[in-house]
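Engineer: Listed below are the residues making up each chain.
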Amino acid sequence: MISLDQLFNTFDTGNGFWNPLLWVIAFVVIFLILYIIIGMGNNAYKKGTSQTQAFLSGNPESEKEAMHVKSSNLYWGWTESMKWIIDALKSMHTGNVGDYILWFVVFMGVLLLFVGLI
Amino acid sequence: MNIMDILVTHGPALLVAIPLLGAFLTPLISKVNDKVRNLFVICTIGITGIILLLVAQQVFDSGPITYVFGSNLNMVQKDTVIRILFEIDALSIFMAFISIILAFAASIYSWGFLGKETGQDKYYTLLLLMTTGMLGMVLTGDLFNFFVFIEITSIASAALIAFWTNKVKAVEAGFKYIFVSTIGALFILFALALLYGQYDALNIAKLADNITFSYLDKIALILFISALAMKGGIVPMHMWLPDAYGRAPASVSLVLVGATQASLYGVFRVLFTLYGNVITLPQISFGWILILLGLLTMLVGVIMAMIQTEFKRLIAYGAVAELGYMFLGVGTGLTIIANPDVALSAAPFAFEAMKGGIFHIINDALDVGLLFMVAGAVYYATKETSLNNLGGLARNMKYTTIFFIIGLFAISGLPPMNGFASKLLIYESTYQLNPILSIIAILSSIMLLAVFVKIFQSVFLGPKMKKFEHVTEAPKSMLLAMGIIAAIIIFFGLFPDLIITHLVEPAANALIHPEQYLQWLTGGI
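Those sequence lines, one after another, are chains H and B.
Position one of the first sequence corresponds to residue 15 (this note's numbering), numbered consecutively onward.
Position one of the second sequence corresponds to residue 49 (this note's numbering), numbered consecutively onward.
Among the clues, some could well be false.
As the list claims (entries may be wrong) - Capping the alpha-carbon separation at 30 angstroms, the derived lysine-lysine pairs in DSS-like fashion look like this: (1) B:Lys502 / H:Lys104; (2) B:Lys446 / H:Lys104; (3) B:Lys514 / H:Lys84; (4) H:Lys60 / H:Lys78; (5) H:Lys60 / B:Lys512; (6) H:Lys84 / B:Lys217; (7) B:Lys502 / B:Lys514; (8) B:Lys431 / H:Lys60; (9) B:Lys446 / H:Lys61; (10) B:Lys515 / H:Lys78.
Please keep in mind that the hints were generated in silico from the structure rather than gathered at the bench.
Take these sequences, add in the hints, and give me the full structure.
Structural biologist: Here's what the structure looks like:
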């Protein structure tokens, strides 16, 4: 049977320790403090007024649904800067099962070289 | 002998026999009633799980179990093991737990997910066959048996991947999977033939005791590692994995994670047990091979995940990246063990690295499994798979959103979820060997977080869409299955020491002490 002591034991990682329960308690305390700070803020929000409309450099706001940022548009900058590696990886993923086996053969060949058999 | 004694004594055989028998009975029970059949399948896997607990108790109390099929008498004749046997150590138990948890969750999830589909009798039969195959792979002590169970798993998996036969891409993915699996299995057969030709044995313990690391042994090792790594989805042989995971029904993708990991178990079993006596020779450096493969798998997986726009395909690439952590952890352990003089300052961290790598196997299975189930729930509710066409679903699917957040935290290694504990062990121990390794591992984790935040933003956040106005929460059985896995994730995350002490450490010990596996042979039967 597992005792409570065992259950709540601090996990020794060899170089340090990790106790998730302490972390959760700390997280809750910080959350409460933040909640109190937010509660002390200026309560001037008026729902349904122009205050709640997005300001798009004076342009009219599009329909809400059209404003949703699509998956393809996320991380655009990162994708552009990494284009060279992404293109190389894409060309590797041909979807052709013959190529899958080719990679297997290449891998085996490299391992054979590594172990010094060829 | 009462029923309990029989269950304990014949537990190893029953672990495979019950799901196998259940698979054969499922089409018959389907004729009675669909609900009875679903319950039967859930109970079959549940009972197998209970027997696994009994066997696990035995293994943890008294060491590895050897279960001989037929008779214990005259087992070794003329220096040859003539019977088939199961050999179950803590690593086998650890892997069997993963298979059972995933299969159990999948059987519950399928009730709602495939409720309106035809061909469910075949589906559940194949699901039980796949479970049988996975369990057999991790329990057997015989190489030819291992090959047979790989084949059972592969055939059942391929049929399940192509379950939606009206979808061309699903059938194509099933074909690709069986093609790749068959090639891999043939190379495994070739490798074990090389060993059989030399040592006149197929028993793993017997072979491990005799292996000399001859020229043919080296070739066999490379064939084993290559074939099993391909079945395990290690880069650059991972390309079948996004096809298969992405096109299979979500419940099948969940169990496929277990099948993939059973292949990785094969890599570790071959390296540490079959070649255990010779693999730690410093001149071989197989640890570094595992490390390099781990880094490559992490980086390629996460970069490819970043550019995907199909929900399940993206998770599949995330799953590829996660596999890299296991290789990194275990590889670091092996490198330090093999070169204690070179990595003197890191020596105390060899075991921690092994623990991290092994703990991450179960964490990955749970995290990726949960995310696949969430993807399935979204597909069930919207019939959409493209992230570009989804949005605002947190308003309609509150519980599914919560489960996704749990999965997101867990797979990205954020505290206090399970993924953090295993990744922390890997970061710290790899840092001792070479800080660059842990920097790459942390970078990959950050990118994984970005990848899954992308899904969260695309699928769950944003304004309510008109086309999804009538979307409702997933059926209760699907929520229950997701809830079970999410609960295990949280439990593992909050009490990592308990899991590591009772489940992971014995498994890591079993890997680095192959002599325990050979005990029945060297100490007599």
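Engineer: Which of the numbered hints are not met once you compare them with the structure shown?
Structural biologist: The structure breaks hints 2, 8; every other hint is satisfied.
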